[in-house]
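J.: Using the hints provided, position chain B relative to the given structure of chain A.
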Amino acid sequence: MTRWYENIVLDEVFDLGQHTFGQNEIIRFAQAYDPQYFHLDPSLATHSHFGGIVASGWHTAAVGHGKMVDALEAEEAKLRAQGEEPGVSGPSPGGSKIEFPAPVRPGDTIRYALTVYDKRLSNSLPGWGLLFNRITAWNQHGKPVYLSEFVGFSKLRDYRPTLGTRVLLALIKLPLIGGWLKRRA
Amino acid sequence: MTNSVTRDRRHFEDLQVGEVIDLGRTKVSKEMILQFAREFDPLPFHLDEKAAKASLLGGLAASGWQTGALTLRMLVDNFLSKIASAGGLGFTDLKWKAPVMVDDTIGGTAVIAGLRRSESHPQWGIVSIDFDVRNQNQHQVMTLRLANLVDVREIQA
Chain A
1 MTRWYENIVL DEVFDLGQHT FGQNEIIRFA QAYDPQYFHL DPSLATHSHF GGIVASGWHT
61 AAVGHGKMVD ALEAEEAKLR AQGEEPGVSG PSPGGSKIEF PAPVRPGDTI RYALTVYDKR
121 LSNSLPGWGL LFNRITAWNQ HGKPVYLSEF VGFSKLRDYR PTLGTRVLLA LIKLPLIGGW
181 LKRRA
Chain B
1 MTNSVTRDRR HFEDLQVGEV IDLGRTKVSK EMILQFAREF DPLPFHLDEK AAKASLLGGL
61 AASGWQTGAL TLRMLVDNFL SKIASAGGLG FTDLKWKAPV MVDDTIGGTA VIAGLRRSES
121 HPQWGIVSID FDVRNQNQHQ VMTLRLANLV DVREIQA
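Heads up: the sequence lines are chains A and B, in that order.
Under this note's numbering, residues 1 to 185 are what the first sequence spells out, in order.
Under this note's numbering, residues 1 to 157 are what the second sequence spells out, in order.
One chain only, chain B, in its complex shape:
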């Protein structure tokens, strides 16, 4: 069964541990922060500048979930849309190390940290990807690991 959408993309066998993916860069505007916060994280320190200044974050900052969402977008554009991805299993070791403030530019790298075949589903392999997300001052803002399913080209008997 060939998936006509992904057949010409890289498959599990084509990936290598240690491969580095450049995530590019995304500038995080005040409008983006407010829009995301209204829908998914309406806490005062993501919505109101005055409340944000008085909070532990010290100013208007993006929701950590937004930092994660924007990072995911960068990974899709630069990697997941070019491989035979079959969906995410989950994330581990999520660390929001520093807040992303208005007009910060985030970017960084993702590294293939592990590759293993699924024991229960021979049509899939699991790629582990470690993110290192930084702001424009090269200050680390977030790290996390993604486990994502990838179709194998040759199913092993």
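One chain only, chain A, in its complex shape:
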């Protein structure tokens, strides 16, 4: 997947592997970022409609992102081992939706998958494209628990800057102008 922008095939499904959410890690994440009683306290959580503790949705999302990064790095290592130069992925400007259709409970094993459902050239960052990524995840019973759609920068391999663009690229290196340009990406 750390393929060059040009080599990304839309709607190809990448298995990102699975993660089993232990009760301790659910509680640890909740203590740090989402200390609501139904993420934090197994006894109090029985009073909630969940009937027991469930993972913070943001925890489910963050693990999915981590699985994607691991997959990108594994692909990069594989390409290098084959003597190929891997593509370059950049930061994300955001996403359109993050949904939690069902709770993740302690002991659940969640499998994640990634597809790129669209791509286009960046309007503001020459030499970069945008990938529109979708991550889906489901539990050991096949029930969907997570869906997100977000955007990521991806560097172009076959990019030949014009003179005007080379000037622009030089400007991007200046902190003030560069920061402004990046925010418009």
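It should be emphasised that the hints constitute simulated quantities derived from the structure, not laboratory data.
Just to be clear, a hint being listed does not mean it is correct.
Claimed, not checked - No more than 30 Å apart at the CA atoms, straight line, and that leaves these computed lysine-lysine pairs for DSSO-like:
| id | chain 1 | residue 1 | chain 2 | residue 2 |
| --- | --- | --- | --- | --- |
| 1 | A | Lys78 | B | Lys50 |
| 2 | B | Lys82 | A | Lys173 |
| 3 | B | Lys82 | A | Lys78 |
| 4 | A | Lys119 | B | Lys53 |
As the list claims (entries may be wrong) - Derived, one-sided and incomplete: chain A residues facing chain B with beta-carbon distance under 10 Å:
| id | residue |
| --- | --- |
| 5 | Gly17 |
| 6 | Tyr37 |
| 7 | His39 |
| 8 | Gly57 |
| 9 | His59 |
| 10 | Gly90 |
| 11 | Ala113 |
| 12 | Tyr117 |
What the hints assert, rightly or not - Chain A is nowhere near these chain B residues, computed Cβ spacing over 12 Å in every case:
| id | residue |
| --- | --- |
| 13 | His11 |
| 14 | Glu13 |
| 15 | Ile21 |
| 16 | Arg25 |
| 17 | Lys27 |
| 18 | Lys30 |
| 19 | Gly107 |
| 20 | Val111 |
Think of the CB as a built atom: it goes at the ideal place given N, C-alpha and C, for glycine as much as any other residue.
T.: Just chain B, lined up with the frame of chain A:
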């Protein structure tokens, strides 16, 4: 069925569109950035200062997922732990507008943008919350909208 944990908290009927929640402030240290990145976002520009300088971010920056997680924490402390929250449905319109760099302090406001009763579950209402997260220079770093379930006090027939 009264939930003994949340019965004395504000319920759906007690919330108003336009209510502004002060999120307080959180300072984001280098150690916090590295710790989060190791677990959830081990990309070079969140882990390695040299790689970060060479990247589009221009320096060591927090994972956007960390900015979101820290913001969620501020919302829980200042709002969700004081209402009869029944969990998050999801988020929309997430925008990471500028990177959060080492030792930046993030904070801001969350505004109740919408309130509606669930059509399928009469015991719940859905509160929509718009975040405006800024750094210490009042520069916007993230915006997003949360849809969260809240227990209603009086279930309508």
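J.: Does each hint fit the structure? Answer for all of them.
T.: Results of checking the hints against the structure:
1. A:Lys78 - B:Lys50: holds (24 Å)
2. B:Lys82 - A:Lys173: Distance ~46 Å between B:Lys82 and A:Lys173 Cα, so the pair is violated.
3. B:Lys82 - A:Lys78: Violated - the C-alpha atoms of A:Lys78 and B:Lys82 are around 50 Å apart, more than 30 Å.
4. A:Lys119 - B:Lys53: Distance ~26 Å between A:Lys119 and B:Lys53 Cα, so the pair holds.
5. Gly17: violated (15 Å)
6. Tyr37: Holds, about 5 Å.
7. His39: Holds: closest Cβ of chain B sits about 9 Å from A:His39, inside 10 Å.
8. Gly57: At about 5 Å, which falls below the 10 Å cut-off, the nearest Cβ of chain B leaves the hint on A:Gly57 intact, so it holds.
9. His59: Constraint on A:His59 satisfied, holds at 8 Å.
10. Gly90: Check passed: Cβ of A:Gly90 comes within 5 Å of chain B, closer than 10 Å.
11. Ala113: Since chain B brings no Cβ nearer than about 18 Å to A:Ala113, farther than 10 Å, the hint is violated.
12. Tyr117: Interface hint status for A:Tyr117: violated (17 Å vs cutoff 10 Å).
13. His11: holds (14 Å)
14. Glu13: holds (18 Å)
15. Ile21: holds (15 Å)
16. Arg25: Since the minimum Cβ distance to chain A is about 16 Å, B:Arg25 lies beyond 12 Å and the statement holds.
17. Lys27: At about 15 Å from chain A, B:Lys27 clears the 12 Å cut-off, so the statement holds.
18. Lys30: holds (17 Å)
19. Gly107: holds (16 Å)
20. Val111: holds (19 Å)
This entry does not satisfy hints 2, 3, 5, 11, 12, going by the numbered hints stated previously.
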